[in-house]
Amino acid sequence: MAVLTISPTFRYQDSDNAKELLANLSGTDKENRRWVAREIQNVDIQNYEKLLSDKAVVKYFSLERPWTSDGIKARLKNWENRYKEGHPHGALTIFDEQNHFIGYIIAGEGNEEGVSEVAYVLSHEYWNRGIGQSALSKIVDDWGTEVRKIGLGKGIEKLGKQHQMVEKRFQCFKKKALKQFYASVRPINIPSWHILEKVGFTYAKSAVENADDPIDFNIKGFDLPSLDHYSQLESFIEELYKKQEIKVDKRYFMINDNDKIYTFNRMSDGKIRFHYEKEIC
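Numbering (this note's numbering), first residue to last: 1 to 281.
By construction, these hints were calculated from the structure, which means they are not laboratory data.
Note that CB positions come from ideal geometry on N, CA and C, so glycine has one too.
The reader is advised that the hints may include incorrect statements.
[As the list claims (entries may be wrong)] Calculated cross-link-like contacts (lysine to aspartate or glutamate; reagent style EDC-like; alpha-carbon spacing at most 16 Å):
(1) Lys161 / Asp14
(2) Lys179 / Asp141
(3) Lys247 / Glu279
(4) Lys174 / Glu234
(5) Lys198 / Asp29
(6) Lys138 / Asp29
(7) Lys175 / Glu234
(8) Lys250 / Asp269
(9) Lys50 / Asp70
(10) Lys271 / Glu234
(11) Lys176 / Glu112
(12) Lys161 / Asp16
(13) Lys175 / Glu85
(14) Lys138 / Glu279
[Stated by the list, open to error] Quick list of simulated restraints, FRET-style, between CB atoms:
(15) Glu245 / Thr5: 51 to 61 Å
(16) Met267 / Gly200: 19 to 29 Å
(17) Arg34 / Gly200: 22 to 32 Å
(18) Glu31 / Lys250: 23 to 33 Å
Please build the complete structure, drawing on both the sequences and the hints.
Laid out in structure tokens, this is it:
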């Protein structure tokens, strides 16, 4: 069976049916050590079970508690099946130069048309090496650009009869081509949202309740803590909820004392999260 290359990142093993998608990315950390990433495979299961059962690793991720073995297997199967069906929005498993497991990054389907929600999880021995920022940059700058172009049918005209089939496979974001990345993060998880901002994410602007009347740190009458104390900020937002000044799962703008805008909400699980987005260029 001939392999069909459709872009620098993507190839199809089943070229006739545009299925069995292969993906690859690579980059370097801040000390110029190389990492590589490829589509998730069934052989990765043990690495993922170790990673997602580590309390330190999942402290601020997803449910913020270790995943069950059954939950991990089900999630991996779902991601793996996306590639088998020819879609690009599954997890990418990351390895170092010695082929040691680092973690994963995923740009999956978001809650709105054309939107991909991004997240990554790294083994703690690889923290503070710049891998998260490097991998996210590659997703935003390379992966995202290719996925959008292919989903719009651009650059794949040479594929002939497979052109429309491949284009449709890449329209996997609520059946639309990719146009925007989205991410959410706990305010207290400062390194993660700093990385989002460094790679070009800005505060989310869609579906905001108080767009014309943001909670402003500069206006007297708001007894707001400094954004240097994020645990206090989360407590303050919780108080707003108790006073019925904000609602669950609704987004709100706040402006800090440096006139920087943040989008936040209180989720139904009680967690406070910042919301970010980035348009695909």
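Tested hints:
1. Lys161 / Asp14: 14 Å, holds
2. Lys179 / Asp141: Within the cut-off at roughly 13 Å; holds.
3. Lys247 / Glu279: 27 Å, violated
4. Lys174 / Glu234: Between lysine 174 and glutamate 234 the Cα gap is close to 32 Å, so the pair fails against 16 Å, i.e. violated.
5. Lys198 / Asp29: 15 Å, holds
6. Lys138 / Asp29: 12 Å, holds
7. Lys175 / Glu234: 36 Å, violated
8. Lys250 / Asp269: Holds - the C-alpha atoms of aspartate 269 and lysine 250 are around 13 Å apart, at most 16 Å.
9. Lys50 / Asp70: 13 Å, holds
10. Lys271 / Glu234: 8 Å, holds
11. Lys176 / Glu112: 10 Å, holds
12. Lys161 / Asp16: Given pair lysine 161, aspartate 16 holds - Cα atoms ~9 Å apart, limit 16 Å.
13. Lys175 / Glu85: Holds. Lysine 175 to glutamate 85 sits at ~14 Å (cutoff 16 Å).
14. Lys138 / Glu279: 15 Å, holds
15. Glu245 / Thr5: 51 to 61 Å: At 54 Å between Cβs, range holds.
16. Met267 / Gly200: 19 to 29 Å: Because 25 Å falls inside the window, the suggested range holds.
17. Arg34 / Gly200: 22 to 32 Å: 23 Å, holds
18. Glu31 / Lys250: 23 to 33 Å: 43 Å, violated
The structure does not agree with the numbered hints 3, 4, 7, 18 stated previously, though it agrees with the rest.
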